[in-house]
Every structure is written in structure tokens, then in C-alpha cells.
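Given chain A's structure and the hints, the job is docking chains B and C onto it.
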Amino acid sequence: MTEKIIIAGSGGQGIMLLGKVIVQAALLGGLNITWLPSYGAEVRGGAAYCMVIISSEEIFSPYVEKADTLIIMNQPSLLKFKQRLKHKGLLLINSSLLRTPPKEGLNKIYFPFTEEAIKLGNIRIANMLALGGYIQKKKVLSKALAFRAIEEIAPAGKKNLIKINKKAIEEGIRITR
Amino acid sequence: MKKIFSYPTSLNKLTTHYCAGCGHGIVHRLISEIVDELNIREKVIAIAPVGCAVIAYNYWNFDVCEAAHGRALAVATGIKRYRPDNIVFTYQGDGDLAAIGTSETIHAANRGENLTVVFINNAVYGMTGGQMAPTTLLGQKTATTPAGRDASLTGYPLKISELLAQLTAVKYIERVALDSPQGVLKTKSAIKQAFRNQVENIGFSLVEVLSPCPTYWQMSAKQSLDWIRDVMSREFPVGRIK
Amino acid sequence: MTGNEAIAEGAVQAGCVFYAGYPITPQNELTAYMAKRMAEVGRIFIQSESELAAINMVLGVSAAGGRVMTSSSSPGISLKQEGISYLAGCQLPCVIVNIMRGGPGLGNIAPSQSDYFQATKGGGHGDYHSIVLAPSSVQEAFDLMFSAFELADRYRNPVIILGDGMLGQMMEPIYCTRKKRTTQNAQRTTQKKWALTGCKARSPNIIRSLFLAEGKLEEINKILQKKYKKIQVQEQSWEGLFLEDAHTVFVAYGTMARIARGLMYGLRKKGMKVGLIRPISLWPFPLKAFCNLPGVRRYIVLEMSYGQMLEDVRLAVERKKSVEFFGRAGGGIPKEEEILKKFFKKKVEL
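Protein chains in written order, with the numbering used here: chain A, 24 to 200; chain B, 32 to 273; chain C, 690 to 1039.
The following block holds chain A by itself, in its conformation from the complex (with noise of 0.2 Å):
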């Protein structure tokens, strides 16, 4: 099993924190993973995306040319990366920063993730709802899992966050369902 993931959005969705959640869970379940950084001259609101790969082989280049899945959170992104899924590829949408739903993929989901996170209460949470429907829709991840990587990614000082993103990953489930 090898699966390929571009996440995009822009700088402050939390872009960088999802894959490395994804990289951390799939770790955790005995996988092997590459996490590859958009970097540099990158600005809070500018754009931003990570190139992830799990794999229960030996993984080569962390370059990924061709994804499994896209996982896009904002409209510039689905321009830049939409040639990039596979044929028959998953394709994640975060449809509050999107004016209208895009024509590609057979297999897509639309789903409001930033007015969801709105509603629970912490908009930057709209990226473990868009973790929430990947583990729903790709079930390469189990929600455990992902909950040990949160766990373990929180740094020191803000354990108190744990919580709501494990509710927002919850939440990603059930809407996706």
C-alpha cells in the first residue's frame, strides 16, 4: 500500500500541522512516511502546502508528482493542484472557500470544513475536519491513530487544544459519513 497526498491551502489553515498529524498516525501504525514542506518565502494568508506519502513499502522520491489524494482547503489551491490527482483519485474539498464546485474528480467530497470548525467553536480547526473526512472516505488511517498522533504533536504548553481537535476530527467523520 502506498498513498500519496498533497495538501494545500493557505499559510495559517494549518496546512503543514495536518500532514505532519497524518505522517505522525500513520508512524504510529507501523508505516513508513516522507513529509514534504512547501517552504520559505511563505506569509500567513499566502499559499501553502505539504506533499505526504505513507507506505508499507520503502518509499523513494518524497516528491509526489501524481497524488491519491488532494486535499484542498481554498480555491487558488484546487488551480494550482487539480492536474495532479490520479485518475479516479480522492478529492477533498473544503467548499467554504470555494465559489463553486469544481468539475474534476469522480471520487470528490465538498464539504463546509471552516464553517463547521466555525460552528465547534475555533475556526482554525477546519483542518482536522478535513482529517476527519480523509479517515472517513480512505480508511487507510484509523481515528485512534490519528487521536495518539495528536496527542503526541501537542507541544507542552498546549495540551489544552488535544480536545477540540479530537472533536473536530470526530465532527469530520460523522459530517463526511
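To be clear, the hints were calculated from the coordinates, so they are not data collected in a lab.
The C-beta atom is built at its ideal place from N, Cα and C for all residues, glycine as well.
Don't take every hint at face value.
Stated by the list, open to error - Partial list, derived from the structure: chain C residues whose beta carbon lies under 10 Å from chain A:
id, residue
1, G857
2, M860
3, V1012
4, K1024
Chains B and C in isolation, oriented as in the chain A frame:
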């Protein structure tokens, strides 16, 4: 009978390569005497510059590291931070310290590195043939200012010591002149103070020495000393700056 | 851990006592990691005012006997060349990390392998070589730091770790054994008789690269060349895969070797006899890897440059075999499909 004068242990018994009337030999000896008097010869690490004094390690009888042109204070920073119990000093000319090494000089001073700097200002580049230095006086003829230094083309003599005195972390700056026996004695006591500051962990200390270069000033040794006293020290007044 | 962090942690564990660096993307995580870790272990970190200052601080610490490192990315490494030449001339050990980005000039911050010539052929003035090691995974980046400091001390020579932005930024899990190695390596730094420590109970030590007396510099150069010869004989390292039966061999290093490796396995699944030579030491270049491979018909060199290591491969095979090349630079990462299209007529689905 009491012995009141002897050859410093820290100075090798060699004839220096310097021109007649040059100030380097005097300052080398003063440093050697100070190192002996403070009993720090076994702890001293010197940084030799690029310039006339590049082979100072031939004359000093203690550990010496060569540095690229202008980089002496970066090298000294590395050595002193790694070996804080050693006494580390740089010996630099005006081109080295105030032109190509300006950045290293200002930032080592601004970090407050606990270092001793002996800054030889003779208003020319000696080793390369008497070109204009940042400290060359207005009107002074050099290989690259054949008509005399012209402020409209090359600016003014750079007073790096006064600049450095602005920095909070700098603890001691004094300008002295080798223009007379009294001047030599004052030079020794200033450099000794700068070493003592390091021994006592006081911080960044620099002594600027106005030093004769008869060859590229095209003067006799005596004229050079008079010129320091009558002309050069008008532009670069001697005394405690900080 | 990211590649940048793994390099920094490797350095700390290998006994690096001093780090100086100046911010430049894509290696900033390395500097930031050192700022935190060096303070934790009670060692020295300086954010220098320039690359020039950083490399000369490195020279000072090395002269005083400490294990020392600096890091930068391509434009910053160009600035360090002055110091590297002096370090080589003074025979001082140190480790310099270059997380390469696109050039020439300010270029961009995308991954690149365009500094191969600069690293392996000298870079600064004078007839010298730095030892150059090229990791291709985060684990290897960590592990090679131990070899880097060992080689630097053994040969009293600068060692360059040549990575690229992708290696620096990417995250992979690594195994690192912490405590034991740290203490062992810290002890080793005390045994350098030539170091400047103050001339207590010995005659003065002098660290220098200026030799004006007639014939002296030539003599010194001969000593250096003898050392370089010894390094060339003893320190070539590489990874070879399927060289026993391969007709076609990819040659690639660093991140590019990962792409080549993926291609190689894909092609082998199709029954094609493909192998890989991945140089780990770029200088000395692993000439030995190319010896006794009678079955190989062609080498395909892949680089994120327009053909730099290519020249060393050509020298290694001495025109006896076909050497072909594909490369992109300036931030372009060669794609599997374009490599396949160029070199393999058959359409291969990987």
C-alpha cells in the same frame, strides 16, 4: 646587583623584517613585555593580521593564529568563546580593522566579546605598497591618491575608535601615539590596561596606536615622529575615548 | 525530524562544541535547532553578522582544537569560500553544511544540486579539496555527521555535507542513539597536539597558511597532495544496487538518487536489468564503484543540475561505456516520466 632590564621571554631574539623607523617592532616588544609582566605567556593566543605584521608569529614566543584579511576578530571570537580561560588578542592594521574588516570589528565589539585589540593606525597600507587607508589624512599622498586624498572622491579619515565608543558593550578605548619616548610609555600602559581588562573579564578593549611608516610617508624616522605629533594627532587626538 | 534538524542533532551528538551561522533559506531550521540544542547541552551558538564571520569563527574554534560546524545554502556558501580555502591551507578540521538551492546569483529557494563543482573541485582559491559527503535520506543525514567529524579530525581537513532544499525540509522518522555517542565524541576533541591552547609546557603552536620562504609553499602543497591522495584511496564510499546483472546503471546522489531508486525498482519489476550507483562521497569520487562491471552497457547520470557530476562519471568510465545524462536545475525536479521518455523507448508504467 638588581636586574632592572632584560629581554622579554615572550619575544624571540630575532631582527624584525620591518623598515627602519617602523612602529610595529616597538609595539611587538611592548606586548611581549606586558605578557611577561602579567605572567600570561602560557595562556596567550594572538591573532596575526594580514598586513605588514602578518608574520608577527616569528617574533612572539607564544601561540599565534593567522587570520584572513579583516577577519581577525571573527577568528578571535571563535577562540575566546571556546577557550574563555585563554587570553586572546588581535593585532590589526588600519586597512584590516577599519576597511575590509569593519563588519567583523563592529559586531565583535557590539557583542562585547572579552577580547583585547591592538589597532595600529599608520594611515597607509604598508605591505602592498603604500595605498590609501581608511585613515589616510586629507591631502596625504599615497600610491592610490597621487594628488593627495580628496574628500570629494574618497571621503574623510575614518575614526573607527570614536565609532566603536558609541557601542554599549565596548568597555575601553584609548588612542595613543608612538611619537616620543613618553608616547611609547603611554602606549604600553594603555595596552596593558586592555590586557588587564580581559584578565578581569571586563570586556571589549581596544587601543589605537598612531604609528610611524617612514617608508610610505616618504619621510625620515624623525620627520615621521614629528608628523604624528604635529599633523596626525590633530586628526586623531590621543587620549581616553571610552 | 526534518533533514535540517537531523543534521543538527547529528552534529550535537558527534561532539560539535561550537556552531556559527547566518540565516538563509532553506537551511534556517538547522540554525534554529542549533540555537536551542547547543544551549541545552551547554555549548556555544553564535548567530554571526555574516557568512564570512561565521566561517572565520569556525576557523578560530578549529585552531583552538574544538569540533566545529557552520551551515548555509548556496549563496552563503559562496561567501564562505574564502574561509574554506584558509581552513584547507591551515589544515584545520571542520564541518560545513550546504543545503543547496537554485542559482546562479540569488537564484531561488527550490532544491538544486548545482554546487557540485564548487564543493568537489575546490571552490575557493588554491590547490585543495574538501571531503564532500551527500546524504540521501534524513537517517543518512544524521548518521553521516559522525563520519564527517571523524574524517575532518583524522585528515585535518574541511568536510562538506552536500544536501539540497528537499532533503533539508523533508521529514522522515530516524533512529538516533543519544547519550553514549555524545560523551565519547566530546572526549576526543582534547587530543590535538597542534591546537592553540596556550604554550604551557610546550613550545608555541602557530596556525598559518602563509609561506613566503622560497620553496616552502611548494613543499606544503606536496604535503597536502599526499594527504588528498590518501583520502582518495581510502575514503571512497557509495551504494551500489543490482550491479551484478545490470545492463543500464543510473548514477545519482542525494535526493536525485531517491528518484533514480524508485525508477530502478519500477523498471526491474518489468524485467529490465537496471542498477544504481549512488555516490555517498562526492570527493573523493567513488571511482572504484565503476570498476569491474563488464555487463554494464550504459550509464545514465541524473542530477538537479545541467551536468556536473556527469564529468566525474565520464572520467570514471574513461570513454569505454556510453554515458547519458538528464538534469534540470533552477528549481525543476526531474520527473520520472520525462526520464523514462528520454531513455527508454518502451512505455513503462510505474
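Discussion item. Let's test the interface hint: is any C-beta of chain A closer than 10 Å to that of M860/C?
Written reply: holds (4 Å)
Discussion item. Can you verify the interface hint for K1024/C: is its Cβ closer than 10 Å to any Cβ in chain A?
Written reply: holds (6 Å)
Worksheet item: When the nearest CB of chain A is found for G857/C, is that gap smaller than 10 Å?
Response: holds (9 Å)
Worksheet entry | Closest C-beta approach of V1012/C to chain A relative to 10 Å, hint status | For V1012/C, the interface hint is violated, since the closest Cβ of chain A sits about 23 Å away, which is over 10 Å.
Of the numbered hints stated above, the single one contradicted by the structure is hint 3.
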